[in-house]
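Engineer: If you read the protein sequences in the order shown, they are chains P and W. Count the first sequence with the working numbering and you get residues 24 to 773, in order. Count the second sequence with the working numbering and you get residues 2 to 158, in order.
Honestly, the hints are just simulated from the structure, not real lab data. Take the hints with a grain of salt, since some may be wrong.
What the hints assert, rightly or not - With a cut-off of at most 27 Å between alpha-carbon atoms, the simulated BS3-like pairs for lysine-lysine come out as follows:
| # | chain 1 | residue 1 | chain 2 | residue 2 |
| --- | --- | --- | --- | --- |
| 1 | P | Lys408 | P | Lys347 |
| 2 | W | Lys147 | P | Lys31 |
| 3 | W | Lys147 | P | Lys711 |
| 4 | P | Lys137 | W | Lys5 |
| 5 | P | Lys445 | P | Lys711 |
| 6 | W | Lys5 | P | Lys31 |
| 7 | P | Lys319 | P | Lys438 |
| 8 | W | Lys151 | P | Lys711 |
These numbers come from a predicted model, not from an experiment.
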Amino acid sequence: MDLKYVGKDDSVFNTQDKASGGALYACDLHLPRMLHMKLILSPVPHGRVMEMDVSRAQTVPGVVKILDWRNTPQVKYNRGRVRASEDVPDQETLFTDHVRFVGDRIGAVLAETKEAAELAASFITLEIEEYPSYLTPQQTLAGTQVPIHETDEIIRPDVIAFGDYEADPGEELSQLTGSSRTTHVAMENHCAVADYHAGSGEMEVWTGTQSVFGARSAIATIFGMDMHKIRVHKTPMGGSFGCKQEMILEPLAAAGSVATGRPVKLWLNRAEVMACTVLRHPVGTFVRGKFNADRKLTGVHLDILLDAGAYQTVSPDYCLSMAKKINWTYDMDSASVNSVSVCTNTPVSGSYRGWGGPELCFAMENFVNMAAKSYGEDPVAFRKKSILPPWSVTKVGDFNLGSLPLAEVMDRGAKLFGWEEKKARPKQDGRYLRGIGMAISTHTSGYFPRRPDWGTIVIKMEEDGSVSVNCNIHDHGCGSVLAFQKIVGEVLSLDPARVAVPEGDTLYNAIDNGCYTSRSVFVLGRSVMETAEVLKGQLLDYAQEIWSCGRDILYCEDEAVRRTDDPSAALRYTDIAYYAADHGKGALFAAHTYWPESNPGPASADFAEVEVDTYTGHCRLTDFACVHDIGKAINPEVCRSQIGSAVQSGAGMVFCEEVRLDPKTGAILNDSLERYHVMRAAELPDVKVEFLEDGTADGPFGAKSIGEAALVPVMPAVLAALNDALGSSFSSVPVTPEKVLAFLEKEAGR
Amino acid sequence: MIIKFVLNGELVSPDLDPSRRLIDILRENFFLTGAKEGCGEGECGSCTVLMDGLPVHSCLVLAGQLEGHEVLTVEGLVQNGELDLLQNAFVENNAVHCGFCTPGMIMSAKGLLMKNQDPSEAEIREALSGNICRCSDYRQIVMAVKDAAKRLREVSL
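Pulled out of the complex, with its shape left as it was, chain W reads as follows (with noise of 0.2 Å):
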């Protein structure tokens, strides 16, 4: 069936099976391999993308489920080549490893950034706490995610 969404800012009608997962959408139908699959039942993070603004695992929303529906994926942050300031933020803050949580990770910051510019260390880590980083404690993304908000205030100011 056609399923129409909002996909990084465009309008976009596929032909797709209605129990199509939402992350081989967007992987094998638009090539968007940002979004990763580490587990594939929502417990790694790693696809995790933005469905109207919110943070949802891509493995587990499913294409009948997007009809007139938004979606923001890591690579819909780029804009004309430069990357977004959350995105810079953890460059600079060596909050980028292996990278393959890098997307998913930076999807669900973006989240908890959209609703709240001036989030605590604690509440950083718990929206968080559904994406898995095995190549640290953690501590540089939390600094990324800080550093992005700091930013962000200093911007809407």
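The shape of chain P in the complex, shown without the other chains (with noise of 0.2 Å):
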């Protein structure tokens, strides 16, 4: 198909407000009479609050409502939770006395000025009968005297099993893998605007979220409020990486907003993100795998303990997540996962880019790496032997994997990085010392068919023949309304400049499950595109009507209907809209749903090449290759920096990315990005990508997804280069410049 406006790299008219700087973030709105909100955090891991002294807060001018437990509601919500129908557990409160973590909830300070605010918080003492306090999974399994929950505490998600591992006579091989606490650093902290008004009992709210649905549903529930009184705004969201998809601050801006009668800001510091809203899970997994004469991997077992942190929120589903995807890349006659997902007192772990798929491929392509080497082969070759080919029907779920190129995405990645060459190099350069390595990976697309999902979308032409899109879209930056634009530009022959795709807003939208586990372009995009179709067979059917011609005659082009037998003659949609209008026909209005019935996993294959500074421990990524298997590229070059970002972080997570606690109190020790180092522009390769585009997808276009499918293998592919270049096997990151050192000062000694 000859496309005009998918597959190409035009962005323009999509940026502009971004880079002049008129673009409105939540962070940067201001209602009249707006007051300012600060959270009063624990400064223990886990007590009683006694006593709050709030006398000296409330002198300082300004300050006019201070919030706790105890003059707010105290239901209990998961934040997770995007209906009210899912069954997870629900052990959070707006406010607490219980305080189970170093930045738990006490309270909160509202006041006419954020200054204020901060100063009335500083004043605020609390008297609290600390508990002994369990900061690591196997603290509590061991047995909390002070229960952290009372129920729900330990949670072990149903084993995910098929096959008969234990029977499997191949030998065994095993590894533990471990991965720490991460921030994602999304750009924009936190912040959400609350407005209530007492006479209309009406809530309106904005917020950059992922779902505006849920974030209105946890008020809801949370303020007994009938939902068709909260309206939920998504506004432009920087960056979320999953640390936006949880209705955090949203229920805390509402009540300080039904506090007081007045509009309420609630926008974190950095410290504060890090500390109370969401981190990447520390999680071990324990695997053990099998493998025949051939050396073809033949059945794996796995543990995973994750680490929830004060609170369940969204970790079992994690653990499930990890679970479910056992069976998307390998083919093997048996597998069985365990998994367990402990509280403990320290901040709270939940959704990251990926939503366990980059864990499980951690440490899946560990363990495949280090059998490759324990059996002297080429990684890519070993992989060959153990791959699911195109086309595969997983073992756990039932369904079709797609067209799955895993060897084709391999092949030309090998390739595209010089696999070959640099293997024959040698490995010292005086001080420093080169490594290569590589992983593969699978992911989602949807929900399909772990969970019921669908699109309703509609679609309007106005009189002047542009067109507006009502679908429930939260772009988290990374260019989804964009390609929704270039869907409908395509299928109408229309300038996507003249495509509106408002997003997220719970007054207008219809129910939808948010913008989560890639599913935006596959399954809402595909929705959209399904309706502009519908919207265009209404086009035809007018022209059809208008000409008194055949259909099949018909067809559209800039912006107008045209006939084949005639190629002067047109009826511009603004002209077909004027008609319908000036003769009572109605609206050119299209409403439609679609309820995917696939999803296939993007193959990847990532290739690293790392540097290590023998005098100094530093590691540095100097090339990286990646083929992705993503069916169709909507906006090439926005892709590409799907790609980057992923590399960017994964990466990071390696080399320096890592929220420590302190071991007595479980408080993050390096609370800003002063001491939190992500990767910068110097440090980065340009990190050469190509993409396979088979079209086979049910995605718009033949797409399938690429956001949180470009991290998944990321992290185990440098860390094979690492290992490569020291021949070192480390399992766990981060792998710092301290660990480094000390491996080779080991290694001198020997």
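Quick one: dock chain against chain with the hints and give me the complex.
Structural biologist: Written as structure tokens, this is what we have:
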């Protein structure tokens, strides 16, 4: 198919507002009489607040109200719940006197200025009876003298298994992998603005969220409000990577507004984002795997230990999400995955780009790289014996994984990277050691068949021929709005600049699952595409009526319906729109629902080259290549950025990204960007990217997912390169310069 | 105290607490919300503006330091509603994603191009290393700055 907009790089019409400084994020909003909220956070890991002295705080000019657990609803909720019907553990309240980690919310100050709110909060003194604290899963598993929670402190999700692993006679290898807490470092710190009108009982909220319906549901549940009176707007979002998908700030800002009858802004600083929103899970995975005489992988057994932090929130589902992906990449006769999600008196773990996918891939690919090394085989050739063939049906969940070109992404990736040439090079270059490594993965393109999924869309054409799309889209900043503009533009042969795609708004959008699990383009994008086709059908109907002609001679091009038998004839869309209105035909308006019936796993292969400075222990990513089976890249250059950002954070997790906790209190030791290092412009290579575009998938124009999938194989590929350079067998990250130097010293001492 | 300085080409004289941060002055006194706060300690670069032509973190500059100086923000680059050459280069090279780092990134790049109209890739990456972008590997941003430099050289020829 000859495509005019899809697959082209033009994004100019979509980004000018951001480049001019004019785009308004939640933190840029200012409403008349707006108050500022400052949270009062627990200074201890576990205890009971006996006294909270606010007398001095109340003397600060501008302080309007102080909230705590005594004057706000004590409804228990789960911040990860999108719809009230979801069965997930309820453990959290707006504010609590039973504090469960350093950073748990005790209360909040509301004041006329943020300075006044901050000053007043600093004047509040707390008397806390301290309880014993449990800072590691092992401590909780050994038994809690004072429970962190009365129920669901430890959750063991269903074992996911097929075949009989223990009966497999193959040779067994095993490995323990671990990854640390990390923070997302979305550039925009979390912010929500809530405005409650006591007279009408209406609540309006502005927030950079991944689900306006999730935020509405949480507010409705906690405050017992009717949903139709709560309007949540999704504002432009300065990055999420998962950190803005849970309902954390919206209920708090709403509580402030309900309590004062005034608009309230809650905007966290970087330290607060790290301490009291959500961090990436620390996870330990023990992998056992068996190989037959040909050294093909025949089965695996995984034990996963997830540190949920102080509240379970989404962690049990994380375990299941890891487990259910066990048969998406390798062809095996048996697999079993045991997992446990454990509460500790530490900051809450939760959603991070990939939702268990990167964690499972890290454990499995480290294991496979270790096995290849111990058998003395090339990692690419070694994997080819064990990968699933195209169009495989996974034994967990029983659905087709799509074209799944695992061998092809590896072959093309090896070529793009120069794998064979780099393999032949000497490792040592003066004080530097160089190594290479690779990893493969698949991921999801939506909920099917794990959860019911759909996309309900309304598209209308205005009388000037421009188009407005009503879709529950939440652009994380990665261009999904732009993708939808192009999809509609392509279907209707209309300049995408003339397609409006406003983001999530509970008042107008049909209920939706939210922009999670890489479903935006695959599910909502396809829904938008089909709805645009319905609208196109209406345009053709009217053209047929006006011209009294057959349908088969009509086609759409350049914002007009045209006919093959008369190249000069054209009915511009605006003419048709006026015709329909002026003749009382009704609106040019299409409402449509699409239900996905497939979920192709995009295959990826990542190749990394790492250089280690043996003097300093500093590691540098010197080359990186990725081949990703995207099906169809709607905006190729923006898709490249998805890979680039994944490499930045994935390599960062291997080299440096780690939220370190005080071993005595669980307080974050490095709660600032000065002490939490992310990879900068000068530390990254120009990442080489190639997309496979076979167009076979059910997504719009054949697209599969990329956003989360991009991160999945990065960490194991980079770690393998680091291990290759050093001749080491690190299987836990980050591998900091101190660890590298300690390893080199130990080797030298041998 | 009354502090006189030039903001985006106009002389202004607001009454300010001398310890007030420039970022708050821009965002709250002048409603110029282009400069963004991402860390409050000069690490992320989202609040970068130019002071006398040099990139500074507006979260680290205090009102008392402004007297007699010239401050240029991302909004000040827009002339008669038209983006300037550098802003257009960001837009046209797909260098704008979530957009939160963009104003600061553009101002750091502006500072670089004001003193070096032919920077190498390494110089660009070095100049932008005080600005964090999490949506990319900086590839498109580097391309945008290179492209802007080329256009600037063509204009000045």
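Engineer: Name the hints, by number, that the structure is in violation of.
Structural biologist: 6
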